[in-house]
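Participant: One-letter residues, chain by chain:
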Amino acid sequence: MLQRIWKLLCSLKLTIILASAATALTIVGSVVMIRYPKTFGMLDEMTLGAWFSRFGHSNYALTGWFWVVCLLFILLGINTLCCFLDWLPKVRYRWRKSGEYLIHLSFILLLIAFIWGSASGDRSEGHRLPVGATLDLAEIAPGYQLKLVSFDPTFSAEGRPNDLPSTLVLFKNGNRVKEGTIRLNHPLTYADLVILPGSLAQQVDGFRFSGAVELRPGSIVRQADGSALRVISFLPDVMLRNGRVFPGATELNNPAFELELIAPGQEPWRGWYLLRQPLPAPLAAAGFALQPIEPLVTWVSILTINRDPGADLALLAAWCMAIGVLFALISFYDKRQRGDAPDII
Amino acid sequence: MDLTRILLPLAFGLYLIAFVLYLLHFKGRQASVAKGAFGSIVAAFALQSFVLGQRWLSAGYLPVTNLFSTLFFFSWALAAVYLYFELRYRIRAIGLFVIFLNLLLLGAALPRDPVLKPLIASLDTPLFTLHIAFSFFGYAFFAMAFSLGVLYLLQRIIATPALPDLHTLRRLNEEAIFLGFILFTLCMIFGSIWAYVAWGYYISWNIKSVWSLVVWLFYGGMCHAKFIRRWQGGGYAALSIAGFAIVLFTYLGIGLLLASNHPLD
Numbered sequence: 001m002l003q004r005i006w007k008l009l010c011s012l013k014l015t016i017i018l019a020s021a022a023t024a025l026t027i028v029g030s031v032v033m034i035r036y037p038k039t040f041g042m043l044d045e046m047t048l049g050a051w052f053s054r055f056g057h058s059n060y061a062l063t064g065w066f067w068v069v070c071l072l073f074i075l076l077g078i079n080t081l082c083c084f085l086d087w088l089p090k091v092r093y094r095w096r097k098s099g100e101y102l103i104h105l106s107f108i109l110l111l112i113a114f115i116w117g118s119a120s121g122d123r124s125e126g127h128r129l130p131v132g133a134t135l136d137l138a139e140i141a142p143g144y145q146l147k148l149v150s151f152d153p154t155f156s157a158e159g160r161p162n163d164l165p166s167t168l169v170l171f172k173n174g175n176r177v178k179e180g181t182i183r184l185n186h187p188l189t190y191a192d193l194v195i196l197p198g199s200l201a202q203q204v205d206g207f208r209f210s211g212a213v214e215l216r217p218g219s220i221v222r223q224a225d226g227s228a229l230r231v232i233s234f235l236p237d238v239m240l241r242n243g244r245v246f247p248g249a250t251e252l253n254n255p256a257f258e259l260e261l262i263a264p265g266q267e268p269w270r271g272w273y274l275l276r277q278p279l280p281a282p283l284a285a286a287g288f289a290l291q292p293i294e295p296l297v298t299w300v301s302i303l304t305i306n307r308d309p310g311a312d313l314a315l316l317a318a319w320c321m322a323i324g325v326l327f328a329l330i331s332f333y334d335k336r337q338r339g340d341a342p343d344i345i
Numbered sequence: 001m002d003l004t005r006i007l008l009p010l011a012f013g014l015y016l017i018a019f020v021l022y023l024l025h026f027k028g029r030q031a032s033v034a035k036g037a038f039g040s041i042v043a044a045f046a047l048q049s050f051v052l053g054q055r056w057l058s059a060g061y062l063p064v065t066n067l068f069s070t071l072f073f074f075s076w077a078l079a080a081v082y083l084y085f086e087l088r089y090r091i092r093a094i095g096l097f098v099i100f101l102n103l104l105l106l107g108a109a110l111p112r113d114p115v116l117k118p119l120i121a122s123l124d125t126p127l128f129t130l131h132i133a134f135s136f137f138g139y140a141f142f143a144m145a146f147s148l149g150v151l152y153l154l155q156r157i158i159a160t161p162a163l164p165d166l167h168t169l170r171r172l173n174e175e176a177i178f179l180g181f182i183l184f185t186l187c188m189i190f191g192s193i194w195a196y197v198a199w200g201y202y203i204s205w206n207i208k209s210v211w212s213l214v215v216w217l218f219y220g221g222m223c224h225a226k227f228i229r230r231w232q233g234g235g236y237a238a239l240s241i242a243g244f245a246i247v248l249f250t251y252l253g254i255g256l257l258l259a260s261n262h263p264l265d
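Chains A and B, in that order, are what the protein sequence lines are.
For the first sequence, the positions run 1 to 345 when my numbering is used.
For the second sequence, the positions run 1 to 265 when my numbering is used.
What the hints contain is simulated information worked out from the structure, not anything from laboratory work.
All values derive from a computational prediction rather than experimental measurement.
We treat Cβ as the ideally placed atom computed from N, Cα and C, and that holds for glycine.
Warning: the hint list may mix true and false statements.
As the list claims (entries may be wrong) - Below, in silico cross-link-like pairs of lysine-lysine (BS3-like), each with a Cα-Cα straight-line distance of 27 Å or less:
| no. | chain 1 | residue 1 | chain 2 | residue 2 |
| --- | --- | --- | --- | --- |
| 1 | B | Lys226 | A | Lys13 |
| 2 | A | Lys172 | A | Lys147 |
| 3 | B | Lys226 | A | Lys7 |
As the list claims (entries may be wrong) - Reference excerpt, derived from the structure (chain A facing chain B, CB under 7 Å, subset only):
| no. | residue |
| --- | --- |
| 4 | Ala22 |
| 5 | Ile27 |
| 6 | Ala322 |
| 7 | Phe332 |
Model the full assembly from the supplied sequences, consistent with the hints where possible.
Facilitator: Right, here's the structure in full:
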């Protein structure tokens with residue numbers, strides 16, 4: 001009985017049936033994919049595991065075929081594994097088939113890698129990171145932080161971004177573990193993390209005033225009498241409630257600086273300067289004449305951060321498949337030259 | 001002066017001459033006519049290779065990015081595949097059908113604008129070059145298998161001495177499928193690695209990628225089906241024809257009719 005089951009699992013006919021069924025169902029299912037982009041268009045934005053938990057159970061009439069295709073692939077993987085295990089003890093006298101069986105092995109490895117990545121990986125995009133800022137990756141990869149050191153996008157003559165080079169430093173539990181510059185087709189990878197340039201945006205991070213004065217967080221303006229004005233923070237939009245300042249939207253609307261005035265022989269003053277309102281009295285009294293001219297903008301790098309624990313295994317499978325393909329090619333012509341006839345069933 | 005606009009119609013003319021000569025050879029089976037046809041194809045292929053090389057040099061990248069350039073590259077790859085089979089097996093009359101396919105591809109490319117546009121930044125990687133080169137060579141072998149499949153069925157019906165015997169046609173078909181599958185597998189490998197470094201995942205569910213998986217599965221299945229007696233001969237020939245329909249839809253149907261990450265314009 002066990003021998004019959006094993007024979008069935010190793011059967012070439014089973015391979016053809018499963019591959020044909022998966023092919024036919026995928027062809028039919030692709031029509032469903034095109035007709036329902038709201039459901040299937042999300043497949044690349046999340047891992048397959050996340051997609052199944054979000055969409056897989058909502059409408060089986062729509063997603064049922066996809067469950068079956070995945071099941072067919074798993075069965076095909078089991079069938080391929082059994083064929084490989086069946087061949088392995090015969091390798092000494094069937095070594096000419098090594099190329100074909102390396103391709104089989106790589107298919108199994110790829111399937112395992114993909115299932116692993118789909119089940120415990122993660123995908124996220126749209127992480128906005130201004131230069132100098134640090135992003136806590138707690139939601140994607142707990143313990144990791146990412147700092148953007150520099151961002152220097154380049155543009156074509158038509159104004160389209162040519163490349164989005166961002167120099168990043170990755171920290172794990174506060175320790176620097178990797179740094180590098182990412183560009184299009186050149187991600188930063190570490191363990192199961194892959195960090196890629198996604199897009200870019202502009203962000204207002206300060207203001208230019210009359211007299212060529214530029215204020216950004218950290219800027220200091222000194223007067224001849226020794227008083228100094230330091231910018232603590234800048235918000236592009238604030239709301240006032242009971243005299244207190246609260247952050248508003250991220251777009252420029254009601255900008256405000258949090259400032260500190262240090263004058264010799266006086267108590268330091270700290271407060272908000274809302275650019276739509278007159279200069280706070282202590283600043284005017286200290287002789288500061290700030291006339292807002294225009295906002296200062298800086299580029300923000302928008303990053304895609306994915307986590308795929310199966311990626312290294314998938315790369316190993318790719319190497320394995322490439323070598324298998326090369327071996328299979330050599331042995332195909334070798335067998336033809338030797339007049340070897342294949343076993344026909 | 002744009003050499004493409006001059007040399008490509010010339011190559012088309014030479015393929016047309018080869019087609020007519022193969023037609024004559026199919027009827028009269030004169031060796032000199034077949035030699036003339038082969039010479040025309042070699043000359044046309046040399047012209048296409050020169051144009052491809054010149055375009056590659058002036059663009060700074062392998063120009064296979066729009067409908068014109070993919071049709072042109074597909075046609076060039078198909079001619080290369082035909083020359084491989086002709087030089088290795090002296091298949092002669094089989095060329096009639098393959099060259100007809102080539103005329104269709106090149107004929108569809110000729111009225112289109114051959115202008116070279118700057119490469120989109122994300123395509124500027126050797127992985128892209130390898131991905132598309134292996135892809136179109138895979139397609140070319142599948143086109144060859146399609147031709148051989150049609151001729152196999154034709155030979156079974158009309159049994160003409162102008163065509164190779166059924167055994168030879170079957171073996172050639174199996175070889176074309178095998179080589180096509182090998183090259184398409186390499187295309188998938190490089191495409192997946194590229195997808196990973198570009199988007200952070202190596203398997204995409206974009207419609208083009210799904211159909212590429214269908215192509216790979218289908219021909220992978222065919223590589224297994226040749227070991228089953230029932231599928232040998234007519235069945236295998238019919239599968240070669242069906243497979244090429246899938247290839248054509250994956251290449252043209254999706255690129256032209258549907259929104260995908262592999263648009264053809």
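Participant: Taking the hints in turn, state whether each one holds.
Facilitator: We went through each hint and held it up to the structure:
| no. | hint | verdict |
| --- | --- | --- |
| 1 | B:Lys226 - A:Lys13 | holds (11 Å) |
| 2 | A:Lys172 - A:Lys147 | holds (11 Å) |
| 3 | B:Lys226 - A:Lys7 | holds (20 Å) |
| 4 | Ala22 | holds (6 Å) |
| 5 | Ile27 | holds (6 Å) |
| 6 | Ala322 | holds (6 Å) |
| 7 | Phe332 | holds (6 Å) |
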